[in-house]
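Now for the letters of each chain:
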Amino acid sequence: MEKVWDVIIIGAGPAGLTAGIYTARHGHSTLMLHSGKIGGRALEAHMIENYPGFPKGLTGAELMKLFHEQATKFGAELRPETVIGFADVGDYKIVSTRSGYHQGKTVVIATGIQRKQLSVPGEMEFKGRGVSYCAVCDGPFFKDKVVAVIGSGHEAVIDALHLIDTASKVYAIPGKKGYSENYPELTALRSNPKAEFLEGHDITEISGGEFVTNLKLTDGKVERIDVDGVFILLEHVSTSNILVEAGVDADEGGCVIVDRNQQTNIPGVFAAGDCSCMGWQVITAAGDGAKAALTAMKYLKQRP
Amino acid sequence: MIKLEYFHNPVCPYCPAAKNLITNVVEGLKDIDIIYVDTFTDEGIVRGMSLDIMAVPAIAINGVVKLTGWPFEAEDLLTYINEARK
Numbered sequence: 177m178e179k180v181w182d183v184i185i186i187g188a189g190p191a192g193l194t195a196g197i198y199t200a201r202h203g204h205s206t207l208m209l210h211s212g213k214i215g216g217r218a219l220e221a222h223m224i225e226n227y228p229g230f231p232k233g234l235t236g237a238e239l240m241k242l243f244h245e246q247a248t249k250f251g252a253e254l255r256p257e258t259v260i261g262f263a264d265v266g267d268y269k270i271v272s273t274r275s276g277y278h279q280g281k282t283v284v285i286a287t288g289i290q291r292k293q294l295s296v297p298g299e300m301e302f303k304g305r306g307v308s309y310c311a312v313c314d315g316p317f318f319k320d321k322v323v324a325v326i327g328s329g330h331e332a333v334i335d336a337l338h339l340i341d342t343a344s345k346v347y348a349i350p351g352k353k354g355y356s357e358n359y360p361e362l363t364a365l366r367s368n369p370k371a372e373f374l375e376g377h378d379i380t381e382i383s384g385g386e387f388v389t390n391l392k393l394t395d396g397k398v399e400r401i402d403v404d405g406v407f408i409l410l411e412h413v414s415t416s417n418i419l420v421e422a423g424v425d426a427d428e429g430g431c432v433i434v435d436r437n438q439q440t441n442i443p444g445v446f447a448a449g450d451c452s453c454m455g456w457q458v459i460t461a462a463g464d465g466a467k468a469a470l471t472a473m474k475y476l477k478q479r480p
Numbered sequence: 077m078i079k080l081e082y083f084h085n086p087v088c089p090y091c092p093a094a095k096n097l098i099t100n101v102v103e104g105l106k107d108i109d110i111i112y113v114d115t116f117t118d119e120g121i122v123r124g125m126s127l128d129i130m131a132v133p134a135i136a137i138n139g140v141v142k143l144t145g146w147p148f149e150a151e152d153l154l155t156y157i158n159e160a161r162k
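Protein sequences, first through last, are from chains W and H.
Using the numbering used here, the letters of the first sequence map in sequence onto residues 177 to 480.
Using the numbering used here, the letters of the second sequence map in sequence onto residues 77 to 162.
Don't read these hints as lab results, they were simulated from the structure.
Hints are not guaranteed to be accurate.
[To be verified] From chain W, some residues computed to sit far from chain H (all C-beta separations above 10 Å): (1) Ile334; (2) Tyr355; (3) Thr394; (4) Cys453.
[Unchecked claim] A partial selection of chain H residues facing chain W, derived with a Cβ cut-off under 8 Å: (5) Asn85; (6) Pro86; (7) Val87; (8) Cys88; (9) Pro89; (10) Tyr90; (11) Asn96; (12) Thr115; (13) Ile121; (14) Gly124; (15) Met125; (16) Ile129; (17) Met130; (18) Gly145.
Ideal placement from N, C-alpha and C gives every residue a C-beta, glycine not left out.
In isolation and in its complexed conformation, chain W is listed as follows:
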């Protein structure tokens, strides 16, 4: 018979890793499935200064490395397998991946979110050849070059400020609706002579030859700008579609609905972190993960 895990955690960001630390530490067999990105969205944070216990601050990658070490120290097993299906068959939950399937008594969904794509011609074609989704990772390649930062959220503003240190010019393009809020960092960005704001425009195409050379815009006086790089930093969307299709309740935005103990509508299935669209912080995701693990362990105890 196939092994039946006490807990299967889908995702290995702050929420999933914390849940794994808790369940593995209590001696529950814990399988963590991830798509190769241990640490999740937190890995993209260039500095985390508000995580208690680290007064000097540290990078998201450093913090996630510690989470990872702690989870494996207690025996959580991490496997790089992308989840492609989920079924609740009563006694057990079946989680299918490209490598096979796993059976669990409980499941913790910690799939996080992923950045929305721009979905214009050229975006996929030029991915890695001028189109990037990570300013911190790829920014150094654009030293003394012209880049565009597309996005209306806080990260887009922060990352534009980050890029302006190395790039020769940064076009800030929030889209037709403008910035979501009047973020405090916008003042610094607007006063920087290397920044040019193109508000009220939408991008219609990313073009070039071997690499990106220009962007086409609509609904404004400017129809085309020449750029070397395009950083697409749109808002995030939930990535729990497969689980939602399998019956896990979610709201209109795809966010998994949980109660105050991280329980979903399916007994034995819990959700934590960004996939439930609450908090958006490493600390809140970790808190959700701990709560989900505690509720899962209570469920395991009461389970017939």
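Once you've looked at the hints, dock chain H against the given chain W.
What follows is chain H alone, placed relative to chain W:
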């Protein structure tokens, strides 16, 4: 020897997965010389830019960029390695 340069940096979310893939593909291959290039170092970024790399993770084989930006497929990497052997 085939020179495989693997470009990465400490904040790149997909670099650990890329490194695992490379390790699995080259395991047991004695004609591959892997060079780890951290693009957060001065030498690393200069080397990356000299090859027109614009994103990490990236792989260059014998000085030619073959794979840029995740995901990579193990099969593709092996194909490029085999091409370099000819």
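Structure-inconsistent hints, enumerated in ascending order: Of the numbered hints given earlier, the structure breaks none, since each of them holds.
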